[in-house]
Amino acid sequence: MAKGRTGKKLKDSLIVSFVIYFLIFQIIVFAGLAGILRSSANKMISQSQEKTLMVMADSLENLLTMEIRDISELLYAHSLNNVFMEGLNHGDNSSINILLKKILEQSPYFEATFVSDINGTIRASTSVNIIMSDISDREYFEEVLTGNKEKIVSKSAIESKVTGNPTIVICSPIREGEQVLGIIGVSLDLGLFSTDFLTNKEIGNTGYAFVTDKDDRMIIHSDAELLFKDMSRQDYVRHVKNQDSQKVFYSYTDSVTKDERLGAFSRIEELDWIFGVSISDKEVFELGNKLISILVQVLLVSNFLLAIFLYLLVRIRIIGRLEPLEQLMEHASMGQLTEKGIIKGKDELSSITKSYNDLIDSLRSFFTGMLNSLGELEKNGFELSSNIEETAAAVKQIKTNIDSSMGQFKHQEDSVASSVSAVEQMILSIESQDQGIDRQNESIAESSSAVEELIAQNQNITASTEEAEKCMEELIVSSSTGQTNIQHVADLVATISDKSRELEAANALISGIAARTNLLAMNAAIEAAHAGDAGRGFAVVADEIRKLAEQSTSQSKQVKNSISEINRSIGDVVEGSRISGKSYDDIQNNIDLMGNITKEIRSSMNEQSAGGGIILNSLGEMKDIARGVKDGSQEMIRGNQVILETVSNLRDVNYQLNLAMQEISGGIDEINDSVLKITGLSVENRASRENVRNNASQYEL
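Counting in my numbering, the sequence shown runs from 202 upward without gaps.
No wet-lab data here; the hints were simulated from the structure. Each hint should be verified, as a subset may be incorrect.
[As the list claims (entries may be wrong)] Cross-link-like lysine-lysine pairs, in silico, BS3-like; alpha carbons within 30 Å at most:
1) K430 / K448
2) K459 / K415
3) K748 / K761
4) K252 / K555
5) K442 / K758
Just need the whole structure built from these sequences, with the hints factored in.
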């Protein structure tokens with residue numbers, strides 16, 4: 202029954218509790234780690250997405266502004282053609298219409314081209330519906346008359362009556378010297394242009410590009426239903442306009458779809474437009490969240506498997522070795538001090554077993570010494586009882602002698618007084634012996650306290666062992682954490698390195714295209730120069746192509762700088778890996794803590810040794826008390842000798858004996874009472890010694 206109860210106790214209170222605490226601790230650690238990883242991953246993804254969206258926004262914005270700029274240059278070049286000046290001066294619209302049709306054919310995104318006079322009346326157009334229309338109230342027309350600009354773009358888009366798409370007007374003044382004769386303009390279909398170059402660009406699954414004009418109306422968007430909608434209530438519109446920077450990255454909530462989105466915005470200051478590229482938050486962080494979820498699942502499964510492993514390890518390696526030791530302690534508590542534990546190895550459990558064996562040896566030595574001391578006490582008690590009996594016999598003899606000497610002389614009174622004095626001294630000796638017996642009892646009590654203290658120190662050893670086990674748990678957790686951190690950082694570095702190489706390849710391709718484009722522009726300029734005046738317009742186009750190539754080269758350098766920043770980020774990640782290595786420092790701290798626990802165990806053993814010293818001192822005092830009892834007996838013998846001498850004097854002093862006979866008789870009665878008391882005390886001491894011996898005999902030595 203004892204063995205089964207012990208096994209159940211160990212299983213319920215140690216193994217299960219240990220595994221439960223370990224699981225709770227690991228779950229807390231993994232939850233915190235998952236939160237940190239999620240936060241770090243989302244931050245890195247957000248930073249990467251910010252750079253990507255900003256680069257994409259810049260590229261698409263440049264594409265739009267370059268198209269508008271190229272058209273402006275084209276119109277400005279045509280505005281210098283004398284055909285338009287002569288046609289306005291002489292009313293010759295046929296030649297103007299021929300040139301307008303040629304301009305219209307130069308781009309599939311031109312909805313119509315037109316020429317108006319100085320009064321704002323459209324004199325010629327490729328669209329017959331707008332001929333003779335009045336545009337004097339239009340913003341761009343007023344800007345031609347009031348300013349000195351040669352290239353004007355309308356800042357507000359209008360809805361095309363033909364296609365329903367947003368369109369803008371790009372125009373240039375037709376001058377004769379310093380005099381403005383009219384304007385030449387073209388309406389650009391933003392819907393067709395954006396379909397080919399902007400809205401058809403794939404930006405993930407939920408991303409898109411869009412543009413709002415100066416009136417905060419949507420003029421470019423993949424969703425036709427949002428075109429011409431007022432966007433002034435959107436958070437990003439107010440935020441971008443309130444920023445000093447031209448480039449803005451902003452997280453916002455779409456007021457229409459209620460979707461959380463990330464956006465890169467750029468203000469086209471000359472038009473007061475906002476160009477934006479936006480993507481849903483969910484799509485950006487979806488991959489990171491899935492990876493974190495998978496990681497948490499893997500960690501939980503690993504935690505469960507590790508808990509099972511620890512359960513089996515503790516059950517086999519620790520509990521299996523503790524059960525025999527607990528059985529030995531249980532037998533020792535029932536008085537069997539003959540069994541010792543078997544020491545296997547040099548670990549903490551072996552040290553505990555050795556300490557238990559030393560404790561058993563100490564207890565056996567203590568009880569053996571105590572039984573020997575009891576034997577000496579019994580011997581002294583027998584001698585004391587014998588002396589008391591002799592004293593009682595002597596007193597009785599004195600009483601008989603006094604009765605027979607009633608008629609002796611009067612001077613016997615002095616001898617009787619001496620006898621009384623001797624009897625008093627004997628009483629003092631007996632009292633001294635009684636005090637010695639009291640001290641003996643106190644020493645026995647101190648010995649019991651020392652035994653209790655040894656038991657308490659054994660409990661301290663058990664507590665220190667439990668603390669050492671906890672430190673081992675922390676050591677394992679710290680090692681696992683360090684390995685996980687280093688592996689995760691290594692994966693991140695590999696991913697970033699791959700992306701960096703892809704960006705470098707793309708940048709090299711762009712740079713090559715720009716170089717070839719620049720070369721083609723130079724060839725085109727040479728050919729235009731060979732063509733003379735007929736190639737002047739083509740020379741303008743060639744010059745714009747060259748500028749485009751130079752801009753592409755500049756953008757390539759910027760991308761190269763971005764790649765350099767990414768490489769520096771890789772260096773920062775490597776530094777983070779080094780910091781993660783510091784987790785192994787915790788392992789060393791835990792090992793130091795285990796050393797302190799070992800010192801506590803050694804201190805407890807020292808205190809046990811001190812308790813053994815107390816027991817030895819107590820036994821020494823018991824020996825001294827025994828000698829005191831012996832000395833008291835000798836004093837009693839000397840008192841008896843005085844009494845004998847006094848009795849001899851009584852024979853010569855009859856006179857005094859007659860006078861003090863009654864007092865002597867009373868003194869003898871008191872002596873008899875004292876002897877009876879001493880006899881009773883001796884009997885009680887004998888019973889106490891028997892009780893101690895019986896209690897000690899319960900232990901099997």
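Going down the list of hints, with the structure as the test:
no.	hint	in the structure
1	K430 / K448	holds (24 Å)
2	K459 / K415	holds (24 Å)
3	K748 / K761	holds (20 Å)
4	K252 / K555	violated (68 Å)
5	K442 / K758	holds (29 Å)
Comparing the model with each earlier hint shows a violation of hint 4 alone; every other hint is respected.
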